[in-house]
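Given chain W, put chain S in place with the hints provided.
There are 2 protein chains.
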Amino acid sequence: MRVLHLYCLNTGARFCRLLLAEGKLDVLLKLEHFWEAPESFLVLNPAGTVPVMVEDDGTVLVGTWPIIEYLHDTQPELALLPGDPAQKAEARRLADWFAVKFEREVIAPLINEKLLRRLTGDGVPSSAVIRAALGNLSAHLEYINHLAEHRKWLAGSKLSIADLYAAAALSVVDYLGDVHWQDWPEAKTWYSRIKSRPSFRALLTDNVTGLMPPAHYTDLDF
Amino acid sequence: MRVLHLYCLNTGARFCRLLLAEGKLDVLLKLEHFWEAPESFLVLNPAGTVPVMVEDDGTVLVGTWPIIEYLHDTQPELALLPGDPAQKAEARRLADWFAVKFEREVIAPLINEKLLRRLTGDGVPSSAVIRAALGNLSAHLEYINHLAEHRKWLAGSKLSIADLYAAAALSVVDYLGDVHWQDWPEAKTWYSRIKSRPSFRALLTDNVTGLMPPAHYTDLDF
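Residue numbers (the numbering used here), protein chains in the order written: chain W, 1 to 222; chain S, 1 to 222.
Same shape as in the complex, but just chain W (with noise of 0.2 Å):
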């Protein structure tokens, strides 16, 4: 069977869960402690990142925009990006901004100071960089809340891997109590429907030892 080599705090690893849900595409999960850079996972991935997905046929998938594109090439009735090539090309432009830019402003420097210094010993969490991260966090909820007063779904009128790497990327911040939805309605609105759906609730059930989500975090009425 597939197998879906990943981290549970790892934004591009939900991401890729969703999707295969979505497309009800059966996957067995294998959790990688990618900071320690085993060598049975170097082998399958020099760049020691998750996700990792490798199918049935031996064939290694690397990274979220490889393991999207392969699965559109592969699989169509998945249908995940939807529309002609100019609506494909907007939901690649949203799933690249919370593969890259929301995963540099935010989840990587939250994920290191809250998770990783106290998995690998490195030194104590600085407020400075939590606090520029939480700023950077707000600049991403306002554009979130934007798209979603503008538009019924992330890219426009469908569902596609826009909505799912935007709630897979806000899902681990919210795990992390950072998400003060109060402020961004619509964002909320957006979220919650995501979140009702059947692909999202195994991500909910997933717990980091020693690392406890607020009590909002699983409840679909947050």
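Keep in mind that the hints are not guaranteed to be accurate.
For chains that are exact copies, the list does not tell them apart, and a pair is met inside one copy or across any two.
[As the list claims (entries may be wrong)] No farther apart than 30 Å at their CA atoms in a straight line, the calculated lysine-lysine pairs in the DSS-like style are these: (1) K114 x K188; (2) K24 x K188; (3) K158 x K88.
Hints are computed from structural coordinates only; laboratory data are not their basis.
Below, chain S alone, put in the same frame as chain W:
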């Protein structure tokens, strides 16, 4: 005509120029001082990053992943994603490696310390940051050298987006004078093949005011 908004030492923009030139697709170039975040540019891309490509019909394409896949969708004769889905995935994996990992570990710190600090008047270059980036560069060159030793082109037997992206990235570092080619003979042979292609010529004549490349930069027999 198609317009590409770029900055000359931006890897993604260099890659797009190579891609368009390989496909003999016409394009007008528009230089953007993206670090000044001009309003006219933020309307096209609220993320404020280059490259952005605007098609004849007004379709706006933001970022290299959307640009690659849009051209793949609309210009199938371009053929820079050759082969079956697994081979395409390998080309995408390596393009993504240079777009994200190489960018974060090598290009962004070098460009920030050596160029942007001067342009924006933000402090003096940090020799510690430059040293770390050059250490990372060696690890990447070792990987390119390894790939070039075992494959005709980086992703397999055919020229692909992986070669163009990697060469675009190395051309930026080479402009800064930071590649010691004699240490990486296989990488050098591969790069000299790409550098000799007609598509590469225009890149080599671009200069940044006040920052000249080393003499070997434009030399095809370097």
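Point to revise | Within, between, both or neither: K114, K188 at alpha-carbon 30 Å | key: For K114 and K188, the Cα distance is within 30 Å only inside one copy (24 Å; across copies 42 Å).
Practice item. Evaluate K24 and K188 at a C-alpha cut-off of 30 Å and name the case that applies: within, between, both or neither. Key: within (26 Å within a copy, 46 Å between copies)
Point to revise | Homo-oligomer pair classification [K88, K158; C-alpha up to 30 Å] | key: both (11 Å within a copy, 27 Å between copies)
In summary, the structure agrees with every hint in the numbered list given earlier.
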